[in-house]
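There are 2 protein chains.
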Amino acid sequence: LDITIRFLKYFNRHRQDSADLLIFIMLLTLTILTIWLFKHRRFRFLHETGLAMIYGLIVGVILRYGVHVPRDVSNVTMSCHVNASPATLLVNVSNRFYEYTLKGEIRGDDVQDNEMLRKVTFDPEVFFNILLPPIIFHAGYSLKRRHFFRNMGSILAYAFMGTVVSCFFIGLLMYGCVVLMKYLQQLDGEFFFTDCLFFGAIVSATDPVTVLAIFNELQVDVDLYALLFGESVLNDAVALVLSSSIVAYQPEGDNSHTFEVMAMLKSFGVFLGVFSGSFALGVVTGVVTALISFFTKLRDFQLLETALFFLMSWSTFLLAEACGFTGVVAVLFCGITQAHYTFNNLSPESQDRTKQLFELLNFLAENFIFSYMGLTLFTFHSHVFNPMFIVGAFIAVFLGRAANIYPLSFLLNLGRRNKIRSNFQHMMMFAGLRGAMTFALAIRDTATYARQMMFSTTLLIVFFTVWVCGGGTTQMLSCQLAICARWTFRPEVGRFNPLRFFFNDYFDMTHLTAHEAVVGVDSDQDNSVSVAEIKRRSTKQESAWLFRIWYNFDHNYLKPILTHSGPPLTATLPPCCGPLARFLTSPQAFENEGPLKDDDSDLILTDGEINLSYGDITVSTDATGAHSAFPSAGGAGAATSDDLDKELAYGDHELVMRGTRLVLPMDDSEPSITELQPHIRM
Amino acid sequence: LDITIRFLKYFNRHRQDSADLLIFIMLLTLTILTIWLFKHRRFRFLHETGLAMIYGLIVGVILRYGVHVPRDVSNVTMSCHVNASPATLLVNVSNRFYEYTLKGEIRGDDVQDNEMLRKVTFDPEVFFNILLPPIIFHAGYSLKRRHFFRNMGSILAYAFMGTVVSCFFIGLLMYGCVVLMKYLQQLDGEFFFTDCLFFGAIVSATDPVTVLAIFNELQVDVDLYALLFGESVLNDAVALVLSSSIVAYQPEGDNSHTFEVMAMLKSFGVFLGVFSGSFALGVVTGVVTALISFFTKLRDFQLLETALFFLMSWSTFLLAEACGFTGVVAVLFCGITQAHYTFNNLSPESQDRTKQLFELLNFLAENFIFSYMGLTLFTFHSHVFNPMFIVGAFIAVFLGRAANIYPLSFLLNLGRRNKIRSNFQHMMMFAGLRGAMTFALAIRDTATYARQMMFSTTLLIVFFTVWVCGGGTTQMLSCQLAICARWTFRPEVGRFNPLRFFFNDYFDMTHLTAHEAVVGVDSDQDNSVSVAEIKRRSTKQESAWLFRIWYNFDHNYLKPILTHSGPPLTATLPPCCGPLARFLTSPQAFENEGPLKDDDSDLILTDGEINLSYGDITVSTDATGAHSAFPSAGGAGAATSDDLDKELAYGDHELVMRGTRLVLPMDDSEPSITELQPHIRM
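These protein sequence lines map, in sequence, to chains F and B.
Residue numbering for the first sequence follows the UniProt record's numbering, beginning at 1 and increasing consecutively.
Residue numbering for the second sequence follows the UniProt record's numbering, beginning at 1 and increasing consecutively.
Calculated from the structure, these hints are not laboratory results.
Among the hints, erroneous ones may be present.
Which copy is meant is left open, so a pair is good if it fits within one copy or across any two.
Once the Cα atoms are required to be at most 27 angstroms apart in a straight line, the calculated DSS-like pairs of lysine-lysine come out as [stated by the list, open to error]: (1) Lys297 <-> Lys355; (2) Lys39 <-> Lys297; (3) Lys266 <-> Lys297; (4) Lys355 <-> Lys266; (5) Lys182 <-> Lys297; (6) Lys266 <-> Lys182; (7) Lys39 <-> Lys266.
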């Protein structure tokens with residue numbers, strides 16, 4: 001093998017680096033100012049990430065066609081024999097050793113090309129090691145935990161089965177497309193089945209950002225929110241691990257693209273090993289942080305507390321990467337654990353500080369990635385836009401999402417107490433945007449022809465979904481929701497409101513069964529709770545046994561050990577463990593012995609988010625008919641929309657007060673049923 | 001020139017990088033936990049940075065003697081001719097171009113050395129581009145502005161003249177030492193006069209961290225605090241620019257170490273240009289941020305506001321670096337400007353957020369640098385410890401600091417109304433720790449023998465000053481202060497308390513002349529204000545004309561234009577500029593028209609910092625005798641120490657209420673003198 005070495009001269013490399021980074025900082029500043037303008041003027045048709053992409057595009061066009069900095073190359077050719085490009089070169093210039101590190105491959109035809117374009121190209125690993133971790137951690141840290149855990153089964157089903165189904169479905173469709181292209185001689189390079197599967201994996205990662213931002217503003221149902229958010233957060237992790245398992249698929253022998261059972265099993269093993277390893281690491285560091293904050297009185301020094309929290313969360317990422325697991329996945333589960341346990345041990349100031357810190361980091365990283373995406377469309381050196389592949393990919397992505405959501409929802413509805421309505425499913429279908437994770441996975445490896453084609457196509461998919469699905473659809477939906485919210489709750493329109501027929505599902509949630517039961521008993525609305533309904537509930541109880549077991553274990557043992565909340569261990573552990581229990585229980589816990597307040601249940605919720613959604617229940621505690629929600633709740637006295645607001649606020653308040661009754665509907669429904677029995681038998 | 005290329009094989013470079021970074025994260029975590037323990041148990045003999053260094057040392061020892069990872073080197077030798085080591089290599093391996101970037105020089109004898117040691121060595125530029133900026137920005141952002149501006153003249157004198165004096169003084173002493181060493185044949189390499197000057201520049205940068213942390217706890221006098229803090233913050237900037245000007249000194253001709261007037265003038269020009277350029281850039285971006293936050297209603301969206309603030313401050317650094325100025329210096333002045341103007345426009349939440357954010361970044365960066373220092377003592381590959389040079393350097397540093405503080409204080413005292421007492425001067429002398437900036441400057445270039453010797457010596461100086469001066473001395477002082485505070489204020493001990501004789505100066509401050517005057521009039525203590533004193537005051541007024549002009553301009557024009565505080569421009573601008581004034585004045589400003597509240601004066605102060613210091617004035621309004629402070633204030637009714645506490649709290653409260661009377665003593669002293677005249681003439 002021949003090696004040619006060319007020396008590039010930069011007199012002021014550092015200065016140029018600063019100037020390049022400055023471009024992005026300026027882009028972000030511009031984005032922030034425009035976002036402010038949009039929010040100020042209440043334009044909602046474009047999300048901030050979509051905006052960042054547009055600015056990125058503009059700067060990309062300018063750099064591509066406006067600026068030309070030729071590269072200063074002085075050719076010095078040397079020859080020697082090595083069989084790979086190593087990560088580090090040691091160059092000996094007159095007995096002084098200089099170390100060089102590999103920055104990446106440069107396409108042969110691009111070497112003499114525009115210097116500026118090359119300079120605004122970041123090392124793809126920057127995304128995985130610097131920008132993604134805070135985004136993913138923030139997602140985990142801000143998961144609404146109660147609703148997340150209540151819907152855990154469905155979320156896990158969507159995240160694991162759904163992503164795998166979507167990945168293979170898209171992979172197969174794309175393989176069909178690629179075969180067709182080969183037949184029509186549209187391909188200029190190789191494209192294997194594993195490439196198709198890889199493409200399926202990377203475009204299966206959905207992004208919660210855009211839609212959730214709008215959900216937040218609209219205050220839609222918490223369960224829908226939890227489902228969507230949980231799914232998109234977890235499926236990022238699944239897609240990431242899935243894609244690396246597909247890359248790990250390497251059959252023995254010369255032809256590395258045949259099917260081989262052993263290699264496939266190995267890939268499957270990699271998937272399981274990496275995922276569970278990352279999961280375990282994330283949870284362990286989260287628990288360690290909780291223990292540290294539990295046993296020290298660090299809360300007296302907020303700066304130390306925040307710093308420790310930050311460092312421990314970061315070390316999760318580094319530890320996972322150092323062990324060969326996936327840092328981003330570990331960080332996700334670390335975030336969830338921190339929110340579930342550590343957060344309760346922090347001082348109120350640190351709770352605010354950590355939330356704000358990661359909110360800021362998330363905001364900056366996210367907008368950076370999206371503006372970089374826009375930039376990349378014009379500055380990336382080796383785009384391969386193949387119209388047929390692009391059309392095929394768009395269809396495949398659409399169908400893949402459908403093949404994920406609809407069949408799974410059908411199956412889940414067989415077991416779910418509160419059904420996922422069809423309108424929910426449409427919503428989830430459209431909310432499946434592709435974002436930062438998809439982009440980061442696609443740009444990570446653009447060495448082969450197939451990967452380059454994938455990258456270019458992925459970019460277009462992200463643009464389309466963020467602008468059209470994220471902007472247009474949700475804008476439309478938000479308008480409709482707003483109209484419908486105004487109409488459905490107006491008593492004079494009542495039962496005959498045509499809009500309610502279509503949009504009722506958003507409001508007509510029967511998910512808080514225990515709460516319903518309580519309302520039913522409290523406000524003498526027992527007529528709305530039929531015997532059949534109660535029977536249905538008690539049979540469905542078993543389906544949530546996993547959640548119940550988990551909840552009991554968590555509430556009785558983990559919470560008391562790791563946090564200052566929950567019942568004292570002396571009450572939950574068997575008497576034989578008395579001394580141990582006393583040792584492990586914090587003094588605060590004994591004060592909680594009376595009526596339990598599950599003080600973590602709403603802490604992560606931002607203000608006012610649950611207003612409307614919980615308010616709905618008092619309004620539409622509909623258990624029998626599908627569309628008779630409002631009149632049956634008329635007893636609540638919601639005569640005008642003003643009264644309704646009060647009612648909503650009251651419902652919200654009540655919810656916080658009632659504590660565990662709501663958190664654990666399965667446990668509570670037993671007594672409420674017995675309470676109800678006389679009423680119904682009467 | 002021959003070039004040998006060796007290929008180093010790393011199979012999992014990224015994994016190892018993560019593991020290396022993890023070491024530091026763990027170190028920081030450990031430091032935080034120990035700091036907590038120290039604070040919890042009220043150990044004060046060691047500051048957190050000193051602690052971080054100790055942990056760094058321990059890990060350094062382990063890495064040096066415990067772990068040995070041999071480097072896997074496969075030699076491939078190639079030859080060709082170039083005349084320098086370029087920043088970027090392009091390597092062509094079978095028509096694929098790989099880009100390599102220069103990481104740094106490796107000492108020839110170290111190439112086969114312990115891999116682990118090499119890996120925990122960071123690129124020195126990391127300090128300048130990542131770790132120092134947040135530290136310096138935070139210092140600027142938390143400068144106590146009123147006291148800073150009031151003592152601006154003295155601070156600038158110490159920072160500029162003092163640092164230059166110290167630099168040349170140390171440089172000359174070290175040159176003497178080096179000449180002696182040459183004579184005794186103790187030198188193994190070249191050591192020029194410019195090297196000595198460079199050494200003088202880097203060890204002239206004092207670190208505010210340690211001492212100020214203790215000052216904060218002890219709540220010493222605000223003026224002393226402002227002097228010390230302002231000096232150490234600014235002299236970092238001066239030393240940095242000074243050292244780069246010394247490096248820029250390159251006489252023409254073959255012998256590059258002779259004296260040449262032109263080269264020296266050029267160096268001086270570089271100093272002025274770089275410093276003023278960085279200063280201007282920092283102020284301009286600060287003002288731009290203030291204007292943006294003034295004209296937009298960004299304060300409704302705290303996340304956007306904080307993000308913008310962060311990005312603008314960061315862009316200052318990048319802009320300065322891209323323009324060839326010094327980013328760290330620009331960031332310092334940007335921080336001061338942000339604190340002075342932008343801070344007033346931020347929403348209260350963002351004020352907290354930005355303060356907390358930079359506090360956290362500062363904490364992490366600082367402790368990282370100090371633990372890295374500890375580590376470096378054992379892991380750095382080419383230490384040169386020369387006992388004679390080290391002893392010489394310690395003496396020179398001590399004398400240099402003395403040559404800076406004492407003569408300058410004497411000169412300043414000639415012009416200062418409130419003298420810098422000799423105890424203050426001793427305090428400033430001992431508080432001159434060397435820290436992050438000195439280390440970063442020393443490690444930036446360790447290519448030559450002289451620089452390596454400097455670096456090793458600098459490390460020892462930092463260790464000594466942080467541990468001994470930062471730990472022991474301040475611990476001792478704090479004890480003495482505590483004792484003395486208890487004794488001096490006990491009336492039964494009164495005038496004959498021997499401790500007061502030594503430590504009176506800390507409490508016996510006559511710096512708030514206007515306040516004294518006010519107190520004198522209010523509480524009929526006119527006997528304590530002599531005619532001579534008043535005359536002295538009115539003559540000293542002129543010496544602060546610079547401050548007065550600046551204050552008036554700032555208060556009347558800049559504040560109203562850039563912030564929502566201050567008087568409306570319509571009141572301060574001449575009538576002809578009416579329309580312009582109305583356009584530029586914010587609606588809020590008109591509400592301020594009544595009694596002016598200078599609402600930025602205390603915002604940066606942390607709670608309770610000014611208690612003791614201001615309280616002192618009501619106690620020791622001593623203007624005639626030197627040690628008769630307490631009895632003359634007896635009329636204030638401070639009979640017991642409990643009463644005194646109340647008095648102090650009242651004094652503090654009063655101070656905030658009185659607003660501008662205190663902020664601008666020169667303006668206020670005029671009417672107070674006329675008010676006093678009748679009293680005195682009577």
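Each hint, compared with the structure:
In this assembly of identical chains, the alpha carbons of Lys297 and Lys355 lie at most 27 angstroms apart whether taken from the same copy (20 angstroms) or from different copies (23 angstroms). In this homomeric assembly, Lys39 and Lys297 come within 27 angstroms of each other (Cα to Cα) only across copies, at 10 angstroms, whereas the closest approach inside a single copy is 41 angstroms. Proximity of Lys266 and Lys297 under a CA criterion of 27 angstroms is satisfied in neither setting, with 47 angstroms inside one chain copy and 57 angstroms between copies. Proximity of Lys355 and Lys266 under a CA criterion of 27 angstroms is satisfied in neither setting, with 40 angstroms inside one chain copy and 51 angstroms between copies.
Within a single copy, Lys182 and Lys297 get their C-alpha atoms no closer than 66 angstroms, and across copies no closer than 57 angstroms, so neither meets the 27 angstroms cut-off. In this assembly of identical chains, the alpha carbons of Lys266 and Lys182 never lie at most 27 angstroms apart, being 30 angstroms within a copy and 68 angstroms across copies at closest. In this assembly of identical chains, the alpha carbons of Lys39 and Lys266 never lie at most 27 angstroms apart, being 50 angstroms within a copy and 52 angstroms across copies at closest.
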